[in-house]
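A.B. asks: For the protein sequence lines, the chains are H and D, in the order given.
As numbered in this note's numbering, residues 1 to 565 make up the first sequence, in order.
As numbered in this note's numbering, residues 1 to 565 make up the second sequence, in order.
Some hints here could point you the wrong way.
The list treats identical chains as one, so a pair stands whether inside a single copy or across any two.
[To be verified] Think about it this way: if two alpha-carbon atoms lie no more than 30 Å apart in a straight line, the pair counts; the simulated DSBU-like pairs of lysine-lysine are:
1) LYS428 / LYS39
2) LYS460 / LYS428
3) LYS39 / LYS310
4) LYS347 / LYS388
5) LYS195 / LYS164
6) LYS547 / LYS525
7) LYS310 / LYS347
8) LYS80 / LYS528
9) LYS428 / LYS310
10) LYS380 / LYS80
11) LYS310 / LYS100
12) LYS517 / LYS39
13) LYS369 / LYS547
14) LYS80 / LYS514
15) LYS221 / LYS428
16) LYS380 / LYS39
17) LYS100 / LYS39
18) LYS39 / LYS514
19) LYS221 / LYS460
20) LYS388 / LYS476
21) LYS369 / LYS80
22) LYS80 / LYS517
23) LYS347 / LYS380
24) LYS460 / LYS80
25) LYS80 / LYS525
26) LYS547 / LYS80
27) LYS195 / LYS517
Simulated from the structure, these hints should not be mistaken for laboratory data.
2 protein chains.
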Amino acid sequence: MNDSQHSDCVIIGGVAAGPKCAATLARRRPGATITLFQKEELLSYGTCGLPFFASGDISSLEELLITSYGVARDADFFAKAKSFTAITAAEITTIDREKKTITGRMIHTGETFTHGYDKLVITTGANPTPPPFPVADCPNVRTFTRPADAAYFRRQAEQGKIGKAVVIGGGLIGCEVIQSCADLWGIETTLIEIKNHVLPYVLDDEMAEIVEREIIRHDVKLASGVGVEKIETDGDGNPVVYVTGREPISADYVFLCLGVRPNITLAQSCGLAIGQTGAIEVNEFMQTSDPDIYAGGDCIETVNQLTGRKMYIPMGSMANRHGRVIAEHIAGCARPFPGALGAFLVKVFDLHVGAVGLSEIVANQTGLKTRAAWGSFPDKPDYYPEYKTFSAKMVYDTADGQLLGLQAVGSGDICRRIDAFSTHLHFKSTVDQLLDFEHGYAPPFSEALDPLHHLAGIAKAQRAGFVFANIDHAVKQFGDAFWLDVRETDEVEGQPIPSVAGTDSINALNIPLKEIKDRVSQLDKTRKIVIICKRGVRSYQAAHILKNAGFTDVVIVGGGVQTMQ
Amino acid sequence: MNDSQHSDCVIIGGVAAGPKCAATLARRRPGATITLFQKEELLSYGTCGLPFFASGDISSLEELLITSYGVARDADFFAKAKSFTAITAAEITTIDREKKTITGRMIHTGETFTHGYDKLVITTGANPTPPPFPVADCPNVRTFTRPADAAYFRRQAEQGKIGKAVVIGGGLIGCEVIQSCADLWGIETTLIEIKNHVLPYVLDDEMAEIVEREIIRHDVKLASGVGVEKIETDGDGNPVVYVTGREPISADYVFLCLGVRPNITLAQSCGLAIGQTGAIEVNEFMQTSDPDIYAGGDCIETVNQLTGRKMYIPMGSMANRHGRVIAEHIAGCARPFPGALGAFLVKVFDLHVGAVGLSEIVANQTGLKTRAAWGSFPDKPDYYPEYKTFSAKMVYDTADGQLLGLQAVGSGDICRRIDAFSTHLHFKSTVDQLLDFEHGYAPPFSEALDPLHHLAGIAKAQRAGFVFANIDHAVKQFGDAFWLDVRETDEVEGQPIPSVAGTDSINALNIPLKEIKDRVSQLDKTRKIVIICKRGVRSYQAAHILKNAGFTDVVIVGGGVQTMQ
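Throw the hints in and build the complete structure from the sequences for me.
C.D. replies: Now the structure itself:
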């Protein structure tokens, strides 16, 4: 490569946002010269698929590197099919904003080069967050972010070299990696999370607890609220994880899943503005503080559509959308990027877990005054043979009923609810407007009223003065109140009110809903009464009966005992 | 019952909207007297579940009559748990709007009664559309709308008495009933539809054809575009269906699935306004032309949110929402009903079929100028083992890009796309705004970009001048053009371009996408070129390459050959 190279658009980074931007720009501005530099050998690999390669669900790593029709997404492919130049194993070292050039170095040859640009796009992604504790040098203590990480683990697993694994960090990747270990390979796995619960911030505690029960059910040892002090190696060179206040944990493999942080080295070194989240600051057209330099993907921060605050949300789906906005702005036809709502999904063993918008804890940290509605649902009518269930929590603004967030966890179909709720959030919808949701209905797919309608109904009941609590909250806060179980007697026998960690088991009086009216005189109006059933529907009905009979201190357990299944 | 009875609210009809209204009103206005009259013995039965009882998916009819916790939804249940009075086997014969009374007759005793009301709610539902042809009296020629119909059929099927069945009418119920016949019971089944395609109006022809291929694949004989002349009986008393221009069809059982029409007899007889659709006219609070009389469910017409025109859309999900609006308006706390978008789902054998908004044919009939975008998609990444596929068609307004409708058909997850698109329609979203959709993403559930993003992208390409056609359209209209297949050669061998009924098979030149650039000189610029691939993505990319090479008459086959799988 000689010094005189110049492209209309130069892109640094070749995983998600970069190639998407390049391909889109090549279509919007045919004839434009577009050059993409990628530090690694591989381009456009399906990072998000790595846990499923590690787990064996995906048989070969190649599947993450090819198109759906089996063609490698390499430089040749991008040149011939997508009309842009991709140069791999090329590390960009400096950006000269005055001269509008970048300089770099070919990793294999050491050759250096300079390349001029009219528009520059930084999609340098993210790097694993370095551990805040000392880590001994050991090949089997690694992060899990690159194809090489997944390939290395899988090779070890296939050779039967991993009997015990420790996963440090219970975020999205950590929760996927424990399955990679435990499910196919039968590795004895421990998950360590420093916060009190897995998936912190994105799920509230009581929703995370549902996930944790699933993790434990699959024989993964869960150590939450536990800090790691250091990782050393034993005499055989195997890692030992030292945790606060517990015995050290010996393992054959340790995954460092401590999250990622934006790779801002280049941006910072050329003086681009870095935001308060530590990621590159961009405007709604993904322009950095230098209007000729764009940035997108996991290295930027974005506006939270609900709070207007900046947030860092590294997510492949976002990166692809950033790439398009950048290309279209360069081509002169962009609409602004709307910001993010924080939608995510993750499969944790047999559980589908998802959320969008703000969790209650995050909303409250933001200073919003919120209320939450809980519910448990079948995902289709109970009479339909293949129905599954899930529990959900909806967060909304107490003052005006604006919707703020939805969390959903269960074996049932949560995706459509997350997607529909996400759309409601985007359009600044309210509890009342959620009742206008017209969902697709047929018994093989859904009930006549959608769970979102029921959640809106619960929120309206709350605003009319009914008090709801999640089962965890109710047991912990009102364990000594008078409990009324309005399920049928055979249901109570089949599934007693589950005990919650650190509390006594609950003894509830069982009066099936149909009998409440006739037996209301048996109840004490002066005591707090906590009403529970399977999913919350009957408790709500019973609460009306008690209210009409003059009871004033009634709590409804939203979501009922199904939440604890 | 004596003459002096009076209720604050009287409800006529006890299936969906009626009980929902009664239960909601009892909660909103405790102490109000509410009496519901139901002509049949059964209350609140799951009508939509009947095909699944008929098919054997649901083992007993009772499951459609009980709550999820096993308690019968009978008058006793409603009185004790829901705080309203339900009276069954009570036929209401007249409404006296002056005196604000209804009169009726107890079906078993013949006793007549009068009941006064402050507010009256008409939820009289719908009746099967009577056949427009003569039908001989035969117990095995019946409609399929009541529990008795389903129970009768299933008894006959269980006893092995049905070897051959004819289903007349390829609407939603007809499409469910053919499965009830063919799937479990192995009955030789013929489906007759007078229109050219099944699911007319809700699906456009080329989308209906996908459903028809599935029907035929499951050995159901499909006779579409075929009128029934009469149904007679043979010497053994078995039905014979006479159809225009074909041999008569002998059968053991004939289902009349000709749709339903609103039951407006009572409303009409007391002079309430009937709308242009033939259903009861109501305002946005579900009030009829008499403000003290409400109506909801399958007997009313509703406003189409997209066209502002009145439509008749009998649907259990709507009925439930009507019931709530009526109750809340009576209680003084209602928001208006927003009208309908026409969302529906139906399972046709292994195919999931759904739509929301306007089909292209309906939109054009309404006078809208529309364009359609087609696509075929995996519902998760191709590398994820359990992915399934579907094809979709999006209709939007040519002038301003307003979204008008989505149709989706395939084995993959269409529900979440229908629900999200429905929400976009409700908020009057456009093609551009659809690109802002933030879907939940994780490989076990979805791709980084959602099919809705791709459809929006296709629509934007159309507006930029690219021409797309569905494969059926392309084969029929451009069969003699020059076809270019840009798939890999092994794909072409594995799945040649399917032939379309009534056309010659297509001979396309195969140049894989990656080779187009180098071989573009082999192509003739003066001819129309139709580009095809598996899902449309590569064709779109190839179209850009040709356009940049100066080709001006290029058609992209949207959705590719996957549409025909």
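A.B. asks: Compare the structure with each hint and give your call.
C.D. replies: To see whether the hints hold, each was checked on the structure:
Within a single copy, LYS428 and LYS39 get their C-alpha atoms no closer than 41 Å, and across copies no closer than 44 Å, so neither meets the 30 Å cut-off. Taking the shortest alpha-carbon separations for LYS460 and LYS428, both the intra-copy value of 17 Å and the inter-copy value of 25 Å come in at or below 30 Å. Taking identical chains as interchangeable, the C-alpha atoms of LYS39 and LYS310 lie at most 30 Å apart only when both belong to the same chain, with a minimum of 28 Å there against 60 Å between chains. For the homomeric pair LYS347 and LYS388, the shortest alpha-carbon distances inside one copy (15 Å) and between copies (17 Å) are both at most 30 Å.
In this assembly of identical chains, LYS195 and LYS164 lie within 30 Å of each other by CA distance solely inside one copy; the values are 23 Å within and 64 Å between copies. In this assembly of identical chains, LYS547 and LYS525 lie within 30 Å of each other by CA distance solely inside one copy; the values are 10 Å within and 79 Å between copies. Taking CA atoms no more than 30 Å apart as the test, LYS310 paired with LYS347 passes inside one copy only; the shortest distance there is 27 Å, against 43 Å between copies. Taking the shortest Cα distances, LYS80 and LYS528 sit within 30 Å of each other only across copies (23 Å), while inside one copy they are farther apart (72 Å).
Proximity of LYS428 and LYS310 under a CA criterion of 30 Å is satisfied in both settings, with 18 Å inside one chain copy and 28 Å between copies. Taking the closest pair of Cα atoms, LYS380 and LYS80 come within 30 Å of each other only across two copies (26 Å); inside a single copy the shortest separation is 47 Å, beyond that limit. Taking the shortest alpha-carbon separations for LYS310 and LYS100, only the intra-copy value of 28 Å comes in at or below 30 Å, while the best inter-copy value is 60 Å. For the identical chains of this complex, LYS517 and LYS39 are inter-copy neighbours only, at 27 Å across copies versus 72 Å inside a copy, given an alpha-carbon limit of 30 Å.
With identical chains, the CA atoms of LYS369 and LYS547 are at most 30 Å apart within one copy only, with a shortest distance of 26 Å there and 55 Å across copies. Taking the shortest Cα distances, LYS80 and LYS514 sit within 30 Å of each other only across copies (5 Å), while inside one copy they are farther apart (71 Å). In this homomeric assembly, LYS221 and LYS428 never come within 30 Å of each other (Cα to Cα): the closest approach is 41 Å inside a single copy and 49 Å across copies. For a Cα distance limit of 30 Å, the shortest separation of LYS380 from LYS39 across copies, 28 Å, qualifies, whereas the shortest one inside one copy, 48 Å, does not.
In the homo-oligomer, the alpha carbons of LYS100 and LYS39 lie at most 30 Å apart inside one protomer (20 Å), although the nearest pairing across protomers, at 81 Å, exceeds that limit. For a Cα distance limit of 30 Å, the shortest separation of LYS39 from LYS514 across copies, 24 Å, qualifies, whereas the shortest one inside one copy, 68 Å, does not. When the C-alpha separation of LYS221 and LYS460 is checked against a cutoff of 30 Å, the pair qualifies neither within a copy, at 40 Å, nor between copies, at 50 Å. Taking the shortest alpha-carbon separations for LYS388 and LYS476, only the intra-copy value of 28 Å comes in at or below 30 Å, while the best inter-copy value is 44 Å.
For the homomeric pair LYS369 and LYS80, neither the shortest alpha-carbon distance inside one copy (54 Å) nor that between copies (37 Å) is at most 30 Å. With identical chains, the CA atoms of LYS80 and LYS517 are at most 30 Å apart between copies only, with a shortest distance of 6 Å across copies and 75 Å within one. With identical chains, the CA atoms of LYS347 and LYS380 are at most 30 Å apart both within one copy (20 Å) and between copies (13 Å). For the identical chains of this complex, LYS460 and LYS80 are inter-copy neighbours only, at 23 Å across copies versus 57 Å inside a copy, given an alpha-carbon limit of 30 Å.
For the homomeric pair LYS80 and LYS525, the shortest alpha-carbon distance between copies (20 Å) is at most 30 Å, but the shortest distance inside one copy (78 Å) is not. Taking the shortest Cα distances, LYS547 and LYS80 sit within 30 Å of each other only across copies (15 Å), while inside one copy they are farther apart (72 Å). With identical chains, the CA atoms of LYS195 and LYS517 are never at most 30 Å apart, being 45 Å at best within one copy and 54 Å at best between copies.
The structure fails to meet hints 1, 15, 19, 21 and 27 from the earlier list, while all remaining hints are met.
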